[in-house]
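So the protein sequences, as listed, match chains Z and B. Position one of the first sequence corresponds to residue 1 (full-length UniProt numbering), numbered consecutively onward. Position one of the second sequence corresponds to residue 1 (full-length UniProt numbering), numbered consecutively onward.
Treat the hints with care, since some could be wrong.
To be verified - Result set (DSS-like, lysine-lysine): computed pairs, CA atoms no more than 27 Å apart in a straight line: (1) B:208 - B:143; (2) B:66 - B:353; (3) B:316 - Z:232; (4) B:149 - B:203; (5) B:149 - B:96; (6) B:66 - B:96; (7) B:66 - B:208; (8) B:149 - B:316; (9) B:96 - Z:232; (10) B:44 - B:208; (11) B:168 - Z:232; (12) B:332 - B:316; (13) B:271 - B:208; (14) Z:232 - B:102; (15) B:353 - B:208; (16) Z:232 - B:203; (17) B:271 - B:102; (18) B:149 - Z:232.
Hints are computed from structural coordinates only; laboratory data are not their basis.
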Amino acid sequence: MRAEAKLGFILLLSPLVVWLSLLILIPHIDMLLVSLRERVGVGEYRISLANYLTFINEPLYLRTFIRTAMMSILATTITLLIAFPVSYYIAKIARGRVQSALFLLCLVPFWVSELVRTFGWMILLRETGIISNLLQALGLVDGPVELLYNDAAIMVGLVYTSMLFMVVPLVTTLESLPDEVIEAGYDLGGNGISVLREIIIPHATPGIVSGCIVVFMLSLGNYLTPIMLGGKDSLWFTELIYSQFIVRFNWELGAAFGFLLLGLSSFIVWGMLKLTGQSLEKTMG
Amino acid sequence: MSKLKAICLSTVASSAIVLAIPASADTLRLLTWGGYAPEEVIAKFEAETGHTVEVTTSNNEQMIAKLRATGGGGFDLAQPSQDRIAGPQAEFGIYKPIDMSKIDTSLFIPSMLEATQGNTTVDGAVYGVPHVWGTSGLVLDTKMAASVKDYTDLCSDDVAGKVSYRLKRPTLIGFAFAMGLDPFAAYGDEAAYSEVMAQVEAKLTDCKPNVKTYWGGGDELIGLVRSGEVVASMAWDAGGWQLNADNPDINFVAPASGALGWIDTFALPAKGRADDAAYDWINFVMRPDIAAMITEASSYFTASQGADEFVNEAQKAQFQASFPQEAIDNIKWYPPVPAGLEAIEGGVLDRVKAAN
């Protein structure tokens with residue numbers, strides 16, 4: 001009996017183990033080994049930390065690294081600020097069909113691919129695009145205005161792309177908050193702000209944290225949006241990794257960058273969890 | 001039990017049938033550039049030889065990256081540029097030598113065949129034969145950007161904010177020539193090349209405010225120029241001729257310092273499985289009538305001997321307008337890129353991209 005249970009356990013576990021080891025563990029070990037070797041001649045390599053030293057010694061890479069992290073944090077914050085009222089409305093104020101219709105509206109843009117969505121923004125923002133022409137037609141500006149190819153355009157794209165991933169966890173946690181608790185807060189003399197601070201936000205914290213983690217990861221690892229909307233000033237860390245691998249044939253440096261990005265994102269997520277006093281089990285479970 | 005047996009037998013039999021398809025009808029997995037394998041050419045090839053063709057379009061860097069990732073597998077025929085074969089071959093061993101006896105050399109323009117063979121020889125074996133050639137230079141809206149004669153003119157105030165180019169190695173090389181430097185002469189000497197590139201970097205950083213955006217793919221560039229958002233750009237000749245067909249004001253102009261000439265080749269990936277089909281394809285598309293079909297579809301000219309006669313008059317006229325004889329003589333052909341230069345260029349390109 002016991003042996004059978006053990007066998008069942010192993011059989012049930014094996015797909016997960018195979019999945020994790022084949023698709024995550026083994027590639028990462030290989031990447032780590034690649035990142036630790038240095039090219040000394042044609043087809044000759046030796047083990048060294050040269051790639052990581054390159055990262056430290058070249059201010060550009062460090063700057064891009066920090067810029068990517070900062071922009072991602074900002075994008076996460078903006079997404080949260082926009083998504084929170086929206087989610088609250090969907091979860092608590094809208095009822096019945098309106099509720100599901102609103103939720104569906106958040107979902108609809110995700111039925112098309114990210115490329116198409118980003119290209120949609122390009123059509124809107126470009127110099128000969130819709131917004132520029134509209135402003136000219138209204139007489140607000142004299143000539144064509146270029147809204148594309150700057151950091152604000154990247155930010156718009158990032159927030160738009162990740163909105164759903166903030167709304168879903170927020171709606172789920174806010175729905176689990178009984179209306180009576182909010183009413184009780186008002187009955188006990190609280191006003192809008194204190195109810196929000198003392199009741200709603202503490203209850204929604206797991207949703208906020210898990211939404212933030214997902215959005216932050218998506219922004220940090222985004223490649224398409226910064227490239228397409230950022231134009232000549234779009235320096236994003238994933239772009240550096242891509243160009244090291246594909247354009248420069250420098251897999252060693254690319255792999256080192258990949259590991260640094262992994263370390264950075266893990267560190268920031270860990271910091272975020274510590275700061276909010278949450279644990280990974282609580283937010284993800 | 002007998003049912004199981006039957007299933008087993010039928011499986012074996014059907015796989016035997018699959019395996020028994022004669023070797024003469026292979027699937028050719030072609031790794032090429034957009035426009036090099038037009039539909040009608042593929043249809044004709046399949047009808048004549050019985051092979052089937054699967055096309056994957058790509059660019060130089062991706063081709064090398066793809067073949068490197070598989071050790072030269074996954075494709076039966078690739079089309080990298082002639083200057084990008086010797087370096088990666090020495091470094092990664094992703095190609096196999098070409099058996100010249102299986103190629104009908106009379107179909108090729110002799111000077112191009114010879115030059116390509118010379119540039120793609122590693123350890124005495126030839127790895128590439130020429131297919132399509134072209135140049136990069138300037139695509140201009142002649143009404144709006146008449147003052148632009150060379151790459152460095154892209155940085156003048158006349159065209160501020162309406163300029164685009166690629167942030168790739170041809171731009172570095174082109175600017176170096178326009179600044180009076182000779183990057184090809186410095187290819188063999190990393191220190192000298194770094195010096196050349198440092199000057200180009202300073203120029204490109206100064207020039208950055210003029211640039212609207214750095215274009216990535218041909219379609220993106222055509223969109224920018226067609227909408228009028230960009231009036232002067234560094235680009236391929238064929239892109240300029242495509243735009244010229246829609247708007248006569250726009251045309252390809254060979255810069256004063258010389259257009260940069262490239263030749264895309266045929267090379268056999270090391271683990272290709274359909275070499276015969278690959279040789280058949282090479283000999284087929286180099287036939288003058290087929291080569292002219294490719295030129296018509298993509299605006300690119302091929303290394304096929306005698307294909308000119310089959311090319312239509314409009315394309316000939318476009319070519320002659322962009323390339324008077326002295327411009328042809330002034331084309332700077334890329335020599336093979338020594339391994340290691342990409343790292344120097346990469347640093348320059350990254351820093352230009354990050355500059356404010």
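Q. If you draw a straight line from the CA of residue 66 of chain B to the CA of residue 208 of chain B, is it 27 Å or shorter?
A. Answer violated: residue 66 of chain B to residue 208 of chain B is near 32 Å, above 27 Å.
Q: With a cut-off of 27 Å on the C-alpha distance, tell me whether residue 271 of chain B and residue 102 of chain B pass.
A: With Cα atoms ~18 Å apart, residue 271 of chain B and residue 102 of chain B stay inside 27 Å; holds.
Q. Given the hinted pair residue 149 of chain B and residue 232 of chain Z, is their alpha-carbon gap at most 27 Å?
A. 23 Å, holds
Q: Sort out whether residue 203 of chain B lies within 27 Å of residue 149 of chain B, counting only the CA atoms.
A: Distance of about 17 Å is within 27 Å: holds.
Q: Please work out if residue 208 of chain B and residue 143 of chain B have their alpha carbons no farther apart than 27 Å.
A: 23 Å, holds
Q.
Holds or violated: residue 332 of chain B and residue 316 of chain B, Cα atoms, limit 27 Å.
A. Status holds; Cα separation ~21 Å.
Q. Under the criterion that the straight-line Cα-Cα distance not exceed 27 Å, is the pair residue 232 of chain Z, residue 203 of chain B satisfied?
A. Holds: residue 232 of chain Z and residue 203 of chain B sit about 16 Å apart, inside 27 Å.
Q. Within a Cα-Cα threshold of 27 Å, do residue 149 of chain B and residue 316 of chain B meet the stated pairing?
A. With Cα atoms ~23 Å apart, residue 149 of chain B and residue 316 of chain B stay inside 27 Å; holds.
Q.
Check the hint pairing residue 168 of chain B with residue 232 of chain Z against an upper bound of 27 Å on the C-alpha distance.
A. 13 Å, holds
Q: Take the C-alpha atoms of residue 353 of chain B and residue 208 of chain B, compute the straight-line distance between them, and say whether it is at most 27 Å.
A: OK: residue 353 of chain B and residue 208 of chain B at ~9 Å, within 27 Å.
**Q.** Distance restraint between residue 66 of chain B and residue 353 of chain B, which requires alpha-carbon spacing of 27 Å or less
**A.** 25 Å, holds
Q) Straight-line Cα separation of residue 149 of chain B and residue 96 of chain B no greater than 27 Å? A) 42 Å, violated
Against the hints set out earlier in the document, violations occur for numbers 3, 5, 7, 9, 10, 13, 14.
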